[in-house]
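Going down the list, the protein sequences come from chains W and H. Note that full-length UniProt numbering numbers the first sequence so that position 275 is 275, with each residue one more than the last. Note that full-length UniProt numbering numbers the second sequence so that position 58 is 58, with each residue one more than the last.
Calculated directly from the structure, the hints in this document are not laboratory data. Using N, Cα and C, we set each Cβ at its ideal position, and we do this for glycine too. Just so you know, not all the hints are guaranteed correct.
[To be verified] One side of the interface only, derived from the structure: several residues of chain W facing chain H at Cβ under 8 angstroms:
hint, residue
1, K172
2, L406
3, C430
4, G434
[To be verified] Computed cross-link-like contacts, DSS-like style, restricted to lysine-lysine with a CA-CA straight-line distance of at most 30 angstroms:
hint, chain 1, residue 1, chain 2, residue 2
5, H, K133, W, K603
6, H, K254, W, K664
7, W, K159, H, K639
8, W, K160, H, K133
9, W, K664, H, K513
10, W, K19, H, K160
Protein chains: 2
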Amino acid sequence: MNGHLIKEGDNPDITKERKTATFCVTKLAEFIYEGPENIKRRQEILEYVERHPEFEDKVPVEFMTREERIERNAQKAVAMTDHADCIDGSDFFGEGMYYQTLIMGRDFHGMLLHYSMFLQCIQSQCNEEQLDKWLPLTVLRGIIGTYAQTELGHGTNLKKLETTATYDPKTKEFVLNCPTITAAKWWPGGLGKTCTHAIVMAQLYTNGQCRGPHPFIVQLRNFDNHMPLSGITIGDIGPKFGVNGADNGFLLFKNCRIPRENMLMKYAQVLPNGEYIAPKHSKLGYGAMVFTRSIMIRDQAFLLSAATVIATRYSAIRRQGEIIENKGEVQIIDYQTQQFRIFPQISRAFAFLLAASEIRDMYLRYMEESQTSSNISLLGELHALSCGLKAIVSFETAQGIEQCRLSCGGHGYSDASGLPQLYAFAVGGCTYEGENIVMLLQVAKILMKVVKNIKDGTAKLASITEYLGRVGDKKSNFKDYKTTNGDVIINDFENIARNQIFMAYDKFDNNLKEYPYEEAVNKSGIEMSKGTRLHVKLYLVKNFYQKALKIEDTEVKNVVMSLWKLYAFDMLSHSTGALKYNNYMDDIQIRNIKEGIYYYLNKIRPNAVGIVDSFNMSDRELHSVLGRRDGNVYENLLKWAKQSQLNKKEVLSTFEKYFEPMMKEGRSKI
Amino acid sequence: MNGHLIKEGDNPDITKERKTATFCVTKLAEFIYEGPENIKRRQEILEYVERHPEFEDKVPVEFMTREERIERNAQKAVAMTDHADCIDGSDFFGEGMYYQTLIMGRDFHGMLLHYSMFLQCIQSQCNEEQLDKWLPLTVLRGIIGTYAQTELGHGTNLKKLETTATYDPKTKEFVLNCPTITAAKWWPGGLGKTCTHAIVMAQLYTNGQCRGPHPFIVQLRNFDNHMPLSGITIGDIGPKFGVNGADNGFLLFKNCRIPRENMLMKYAQVLPNGEYIAPKHSKLGYGAMVFTRSIMIRDQAFLLSAATVIATRYSAIRRQGEIIENKGEVQIIDYQTQQFRIFPQISRAFAFLLAASEIRDMYLRYMEESQTSSNISLLGELHALSCGLKAIVSFETAQGIEQCRLSCGGHGYSDASGLPQLYAFAVGGCTYEGENIVMLLQVAKILMKVVKNIKDGTAKLASITEYLGRVGDKKSNFKDYKTTNGDVIINDFENIARNQIFMAYDKFDNNLKEYPYEEAVNKSGIEMSKGTRLHVKLYLVKNFYQKALKIEDTEVKNVVMSLWKLYAFDMLSHSTGALKYNNYMDDIQIRNIKEGIYYYLNKIRPNAVGIVDSFNMSDRELHSVLGRRDGNVYENLLKWAKQSQLNKKEVLSTFEKYFEPMMKEGRSKI
């Protein structure tokens, strides 16, 4: 039934895998991408991109210098936005992100923040007149914008930003300054060389008073020759682990003047005389952040998926070692240890994708309902969950990609595998959009409040934290990895999450007796973040299960359920200490969970290639010699290597300059 | 007492840390480097390197293109070996490696394998005449050699190498061929562009019979113009995760002829008439491998140490967030979660360094004793241990560096931190010199044999596995993190390691009843490698403790003991399930172990900067703006960024070519 994936000339080992899969890959793909329509659209967008020669890299990006990458990405960014009508604008973060990935690969570009941050700020922070001025300029690409908040010495703690915008009522201008070197804006994408404008967060001073950080729109470079305007020093911050095709930048202000109208005034205002009008709503909307994070989680999940496709396919064609003498070398995917490296990553990718889609749906449902009722508590919990998911998903994605990379042995270290680039790209997600540990602690603080309310009897628990209000069983009902019902397994997760969160609460509450709030949080930080982790993992495992239950096609359901079981047992096996707390589980149950892992690894084995095929990733998207659909890895590794920068000449100048004189001298002494 | 580390103009936050340290940094450094003499030599070598302008990179390596790096590394490799007399030749792997690190940083170079592999093979595999011919050429650098074993399709399993060397008795030559594409030699350092010669492992065919893989010395390029010789195709394999200043290469033979004398004939021989003479000793010496691995473990430990220096110093000068309102932002090293990220890595670095030194000493002791007695069993166990250590140390080093990198937030993602380069460099160690999972299984097989012998009553246990023959306590004697004796803690480790190894044995033994040996190993692979992990970790924790016990200076001993306790409790806290197996520990003991972690984090905190100062790493060796001795990070980040390739011009050509036309068109529509 998966015959359409098999082509003449494919590596026979990979063809064999595709023939033995027990389920329909198309159906699983439709489950992953939420319907056949989306699969069709992916295909159309792919064909569109492949049809357009301007998106074809003549030299693969990994052979380019940084300058060449920047140049090429600029060209592609303009071409990409020229052709933006090929995607459904209302689905910018679905189709749009896919389209961008196909063109940009694992890299950013100078116009990324123009769309992802600048436009969004213009839309949400401008008053009417400002909107009239800036929105058309932004949408029509008459300017290129970025968003400048982070400073050299200041990240997470917004309140302590140092850049100042001081109102001068005489000229009706704001004067921007970076009073210290730590006030330099640092990191904004596209800021270094590309952008003409930035929304700058700066401490607003007016009438001698500081009013805290506010957004200002600042023109950075002039339209004629792109030179920085007066009072502005600007540049690229240099090479990074990944995203070197993007010009993340720094920015220093020295008495840079902008008109009063350039403060974004939808909420707070400064009147011409310098009078400050405070915003009515001081809180940032949680809603947009929940939505943004659901997108980020999905993107991370796809990065992990890509790594599993590469590692699984390569493991199917790589043969090494004889398990039975004289029977020939085996596919390395037949090693239990290899399966244990890769298959749990596949199951994680599923868990993350399904969580991202559920969070997005919950958010949309909430938005709809909030028109009529006003159940704010759900949004708070949803926000917390999305922060927690961001931290867990980005960290486990990075770890998972590295496991996949290591499972490919030496070839995984080569850029030909695509895996080093995937890792360096993905792992940035642990830091941006909220540093992970900060995120975990933020969520933990909310959980502490929930527990407090439960203890006080004042808790109104939404579905996500409902389990915290329940009293668990004394003993686990887990019997056997084959027969035990999913609800029992989820119950076990609830039990360990609840225990940890209450344990953290006790510690925190004790510390509160001695120390002020933030100090008490700090002294309980490790236990609290463990609590968040288990809370999030419980959500992941529960949501995965619920989605799997709803699958109609029996074979697809079997496959997804096997992945779920592996996911659940693998996680439980990392929490055996917690499971044995208070003798909730006994040694036989624990051992059975481990046996469950081996059982499901084995069960997944024949379907592994089929499952990763269902991620529906083209060779263009994967950008990996090891992950090729056709499995013809070796000849293409050689072809790839021949493009190396160093192979342009047979003999490098290093011979004449250094090695020849050295060797001649050496030989002359004999 | 640490006043000599403090200089005028240092960041006051870091000076404060140095002033409050409770111990003498020099004394701890002497402990780490095994005596004051070694510290002095480090200083002398550093000064030597700094005195020579040819070792000074005018442009920091991270701003160079791949071609520039190759060029620069060639120049430095020749200069480095020109000046090799500045180091004690008898301590090539001590002083030599340090000298190389100072010059090459986190990169390899084209001549690396000439010294680390080629020379060694010449010395150990040549007969007398061959030695006379090749040794002077090698030592005098009249040729540059490499070692070509790994093939495109073959790594670990030597027996299946495909390159052939067929003896032609008519011409008295060997004819080398790569019969398939998977036979291409792949990865050897320096092979791509630098080397003139290689020792090639190839299947020897003579008189129509295959005799298995043998080493041949092959000239690759001619002396006059460095062009590849007839029958040889050669090139660079392209960019990699790290070590891009080295030209790892590929090599294809097509009827390449070499004289009979080029087979290295110390052991096996082919006579002029084609007759094959088998080697008397077929086994490779374990001894050299133990020694090599002890060096690799030490190198990895220093990479981890470097990461901890960077992260700790940066965490001391970075301020973020207010724990107590209006008391100003705190040093991020004051966050418990930050300490938990970094301090366990410091303790690991100690554990690894001390293990490397002990393994080396045990090996040397064994070599001495083996002259008189013949206790082979120790060498076997030592070999096993060194394989296991290689796997654990390289993996945990990589993980630890990433934790350090992540703890530096956004700046950790910049190459300015030095951390991305450290990671990419170190993580290669998980794959080369024996892929980690393969290593773990190899050790596990040996452990399985040990258990079998114990059960049979035939075991002769050396000190490393002695614990496996003992019957453990039913209950842990662990009482309290402050008072419990180290031996009790080690006893707990022995208990969980023994349990796991015996559990793995039972599984393996059961599988043996149904399956042939290798299949039984495979089906028990995960449990067996867990057994190895615990065996190695037990060794690490035990050896660390024994070395710490011997420290004479009380303050230094206190500091090292705190690190040991943190190390032990952190590891135990990851094995709580194992500790609760058979109710060996109760919940109160487990909780106390966790409390121990918080206690020792807190205890280490005031000495953290002092401890990492004791690693005695100069700014040159660290190559990190974040890890600077003086703590003046921010101004130097800006200075570093200004060197970015993109900042050479204020306006890039991307403006005129792409962005200007786009923006003009956009603005024209308004």
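Hint-by-hint comparison with the structure:
Contact between K172 of chain W and chain H, as hinted, is not supported at the beta carbon level, the nearest pair being about 24 angstroms apart and thus beyond 8 angstroms. Given the 8 angstroms rule on beta carbons, the hint for L406 of chain W holds: about 6 angstroms separates it from the nearest Cβ of chain H. Because the beta carbon of C430 of chain W sits about 6 angstroms from the nearest beta carbon in chain H, less than 8 angstroms, this interface hint is met. At its closest, the beta carbon of G434 of chain W sits 11 angstroms from a beta carbon of chain H; the interface hint therefore is violated under the 8 angstroms criterion.
The straight-line distance between the Cα atoms of K133 of chain H and K603 of chain W is roughly 58 angstroms, outside the 30 angstroms bound, and the hint therefore fails. With a C-alpha separation of about 29 angstroms, the suggested pairing of K254 of chain H with K664 of chain W holds against the 30 angstroms cut-off. Under the criterion of a C-alpha separation no larger than 30 angstroms, the hint pairing K159 of chain W with K639 of chain H is consistent with the structure, at around 26 angstroms. The hinted pair formed by K160 of chain W and K133 of chain H fails the criterion: a straight-line CA distance of about 70 angstroms is larger than 30 angstroms.
Distance hint between K664 of chain W and K513 of chain H is unfulfilled; the C-alpha atoms sit about 64 angstroms from each other, more than 30 angstroms. About 28 angstroms separates the Cα atoms of K19 of chain W and K160 of chain H, which keeps this hinted pair within 30 angstroms; it holds.
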